[in-house]
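A.B. asks: Chains as they are written, first to last, in the UniProt record's numbering: chain A, 1 to 213; chain B, 1 to 251; chain C, 1 to 492.
No lab work stands behind these hints: they were computed from the structure. Keep in mind that a hint or two might mislead.
[Said to hold, decoys possible] Label pairs and their calculated CB-CB ranges:
1) A/E27 <-> B/P68: 39 to 45 Å
2) A/R102 <-> C/A40: 44 to 50 Å
3) C/T172 <-> B/A174: 39 to 45 Å
4) C/G184 <-> A/G43: 16 to 22 Å
5) A/G78 <-> C/S108: 40 to 46 Å
6) B/P135 <-> C/K413: 57 to 63 Å
7) C/G184 <-> A/D176: 30 to 36 Å
8) C/G131 <-> A/R40: 54 to 60 Å
9) A/E51 <-> C/A40: 18 to 24 Å
10) A/D17 <-> C/H33: 40 to 46 Å
11) B/A96 <-> C/A40: 32 to 38 Å
12) C/G131 <-> A/E51: 48 to 54 Å
13) C/A51 <-> B/P135: 43 to 49 Å
[To be verified] With a straight-line cut-off of 30 Å between C-alpha atoms, the simulated DSS-like cross-links for lysine-lysine are:
14) C/K488 <-> B/K28
15) B/K164 <-> C/K413
16) B/K187 <-> C/K413
17) C/K488 <-> B/K113
18) B/K187 <-> C/K203
19) B/K187 <-> C/K488
20) B/K28 <-> B/K137
21) C/K148 <-> C/K203
From the three backbone atoms N, C-alpha and C, an ideal C-beta is built for every residue, glycine too.
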Amino acid sequence: MSSRDRVLGRVRRALADVTPHNGPYEEAVGRDYLPEHGHRTTGQTVELLAENLADYRAIVHRCGAGELPDLVARLLAGRGSRQVLEPPGLPPEWLSAADVVRVEDRAESTPQRLDEVDSVVTGCAVAIAETGTIVLDGSPDQGRRRISLVPDHHLCVVRVPGQVVSSVPQALERLDPARPLTWISGPSATSDIELDRVEGVHGPRTLEVILLG
Amino acid sequence: MRVALFLTCVNDTLYPDTGRAVVKLLTKLGVDVDFPRGQSCCGQAHYNTGYRHEAEPLARHFSDVFAPYDAIVTPSGSCGAMVRELYPRLGERAWAEGRGDALARTLAPVVPKTYELTEFLVDVLGVTDVGAWYPHKVTYHPTCHGLRSLGLGDRPRRLLGAVKGLELVELPGAEECCGFGGTFAVKNAEVSAAMGADKVRSAESTGASVLCAADNSCLMHIGGTMSRLRTAMRPVHIAEILASTEEEPAV
Amino acid sequence: MSGTFVGMPAFPKAAHEAVHNPTLRANLRHATHTIRAKRARAVAELDDWPALREAGRRIKDHTLRHLDRYLVQLEESVTAAGGTVHWAADADEANRIVADLVKETGESEVVKVKSMATQEIGLNEALEAEGIRAYETDLAELIVQLGKDRPSHILVPAIHRNRGEIRDIFRTEMGAWGRPAPEGLTDTPAELAEAARLHLREKFLRAEVGISGANFMVAETGTLVVVESEGNGRMCLTLPRTLISVVGIEKVVPTWRDLEVFLQTLPRSSTAERMNPYTSMWTGTTDGDGPQTFHLVLLDNGRTDTLADQVGRQALACIRCSACLNVCPVYERAGGHAYGSVYPGPIGAILSPQLRGTASEIDASLPYASSLCGACYEVCPVAIDIPEVLVHLRERVVQGGPAVRQGNKVLLKPAKGHAAERAAMRAARWAFARPGVLGAGQRLVSRTRRLHPRTLPGPGRAWSGTRELPAVPAEPFRDWWQRTHGGKDSSK
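Extracted from the complex, chain A is given alone in its bound form (with noise of 0.2 Å):
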């Protein structure tokens, strides 16, 4: 007998007492909690957006369109950022004023090469202002998954309010399961000492959101 059959043969024998609900699933589930926490004007959302982002320690920043290349271009030169990663569709126009080398993501850039750049420019797929949180889905303005992770500075833009949905439950819904999703809520952290939270491990040390519109 292959293991496969003989676990669910286990499984089968263990549920002998019970009757099986054949009915639509949501029918058993019964959802009574709230699809959003609140009612907040679009304005308020974004707002909100902003104070939970800051929050857990990521730092904040707004413009319009026209000022974003300035503003990016600002934000690298402050940190001396020299090397600065780049997904490959993300707008030209965003890194335009920026006076740094430009690094594309390629295939064969290894973990090694990512590891010497000094900070990544990224879009996002949606932001939840309840929780202060980007997710990335690894559409053309976002890359791959590694290259927002090894970089030790994340500067990641965010429209608004076209990507912002209140709750977890509207970010799930416009997400797509089939494609690898990073979900992030401030810089890296641990409460592994003493279970008091520290920012700074593994991933980038420094998240910027840029919150454009």
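Please build the complex by placing chains B and C on the supplied structure of chain A, with the hints as guidance.
C.D. replies: Same frame as chain A, but now just chains B and C:
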């Protein structure tokens, strides 16, 4: 309304003063309370130690004794919880074991009409000021089964708050277990004692002279720890505080 | 790690050292009280918490009751997305599958994301025996691995260590495993985290094989989810060419939408955050992004035995948040090691004796490692009634009865060492069912009260070693009642 006092075996044997206090208090509030002499033990110790089948005859006996009454009042959160929360479970388990619903049907009548004392006072009699007088500084420890199984909430504090002369002070970490836990107190004596000592220390930190609770089994553990640690505090059951008056003060 | 738990003494004995270790007591008290308060605040932010908790309970309950259906669906979805699914009936089989998969890659080292399932099966030791070195990359796991220690908490396996102890371990042990700790390392948490970053980075960057568990697996889509904080999970899940995930069969949820419940309740219950820093979700493999080979090993190892128990099966709903540990007064004083398992605390006390059976001394004692205070049930984000299962397992220990072990029905005998207790319980039941006998006994106790010792001999010392006995009254209540007709005849 025919009201029965379910005193519990521990109180009957070791804490008769609590029983007398309940009778005095309820009588003063116009309740004609009876003490059915057939009563013994609800079976909680058996059930919680893993002897469910030994608890069943005790539960049936409880039902036989108390079913004729309209309300059953007990000065014990944990014994109250045994009847209200765990008697239905005894019935469910018997059914799951293929023994039909006889046990569930036997126990069903007593479940909804069993009240812990402070519930009975606040919910059934609708009183929070029972006219008591108790000129001491008191801190209140909510015992676990009263707090989490029965959901007594702020009823005991409201009752204590209305007692004349009583200064109620908050107990830090009040909702933490005192470490009694029935047979846990002897099966895991060291952990139990450590929990008890921590509870006593936080009680001492309030500067109160009395630690009050609604369950004498927890108070036996806390009080025993207090004596051993030679603290000046005393454990007192809430019924004895509520029954205390200027004419007849509690000792 | 599981190997080191074999032959553990019963809980009371195992707890003895911790109870009397002031440093450990202080470490645990500080850590658990800090997180307790934070969790309460994080939960209070959501006014629909009870509804989320109930939905989580129902999703898990429904899934467990139809587990075969969802496992088959999961297998189809993962396979369709480019993954390979393996089934392991027990720890040995899972370890063998993983070791063979690693050997096929030609590699002799792997990086690991913190995973309870791989700790449970002792994967690191099994790989070591096959000449494969497994590097733990979670900070707390690293502390445990470097310190040749055992985990003592689900979320924070090194919770029993304070910052000074961690600094000492890093200073003395890091060098033997790779990059040594920086010169002059202090005990500030930020510096300790930096030391771990530097030490592990070289391992991440060269890793070809990653091993993980998963918090959730979605049957409908084949998506796996890992919830983490440090970024070590992202490193292990995206940089290696091969990813092997070992996941308990109970971790499946039916639909993508179900994640909306757990991604709200898990972070708040666990690290007390609105959201943990990183959550990775992957469905099979993605061309050009992340591992190009993905294996999923579905692990039974006692889970189906647990599933067969109508009361005990709810333990499989656990999402490993650790809220029950953090709020447990027994855990706080006994420490995690006393539970003799990678699953400590209240959830461990109901999981271990079900996954492993109640035959060993430690497993038979775990159901009693609780005062039944109910704080664990109150904070559980999927409403596992831990006290109910504890009492149920006590019954299994003292009464024996039908159970399932390794897929076979067995009739358990009552455990040894409870004979005197059983006799006492029966005698008490007999007396309590006869109030006349009870009354006579009470009177005897009252009349002889001046003869009673203040401390007890033998087993009674367990009480009187630390607590005075209550004074026995002159007369039990029932005699007073009869004598005075309920106080109507005289007030005293």
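A.B. asks: Regarding the pair B/K187 and C/K203, is the alpha-carbon distance no greater than 30 Å?
C.D. replies: violated (47 Å)
A.B. asks: Next pair to validate is B/K164 with C/K413; report whether the Cα-Cα distance is within 30 Å.
C.D. replies: violated (58 Å)
A.B. asks: Check the following: the C-beta atoms of C/A51 and B/P135 are separated by a distance inside 43 to 49 Å.
C.D. replies: Given range 43 to 49 Å: holds, Cβ gap about 46 Å.
A.B. asks: Determine whether the Cβ-Cβ distance between A/E51 and C/A40 falls within the hinted range of 18 to 24 Å.
C.D. replies: holds (21 Å)
A.B. asks: Should the hint that A/G78 and C/S108 are 40 to 46 Å apart at their CB atoms be regarded as holding?
C.D. replies: holds (44 Å)
A.B. asks: For the pair we were handed, B/K28 and B/K137, check the Cα-Cα distance against 30 Å.
C.D. replies: holds (24 Å)
A.B. asks: Is the Cα-Cα distance between C/K488 and B/K28 30 Å or less?
C.D. replies: holds (12 Å)
A.B. asks: Is 32 to 38 Å a correct range for the gap between the Cβ atoms of B/A96 and C/A40?
C.D. replies: Check passed, 36 Å falls within 32 to 38 Å.
A.B. asks: Tell me if the beta carbons of A/E27 and B/P68 are separated by a distance inside 39 to 45 Å.
C.D. replies: holds (44 Å)
A.B. asks: Taking 30 Å as the top limit, are the C-alpha atoms of C/K488 and B/K113 close enough?
C.D. replies: OK: C/K488 and B/K113 at ~26 Å, within 30 Å.
A.B. asks: Measure nothing beyond the straight line between the CA atoms of B/K187 and C/K488; if it is 30 Å or shorter, mark the hint as holding.
C.D. replies: violated (42 Å)
A.B. asks: Verify the CB-CB distance for C/G184 and A/G43 against the hinted window 16 to 22 Å.
C.D. replies: violated (49 Å)
In terms of the numbered hints stated before, the structure departs from hints 4, 7, 15, 18, 19, listed from lowest to highest.
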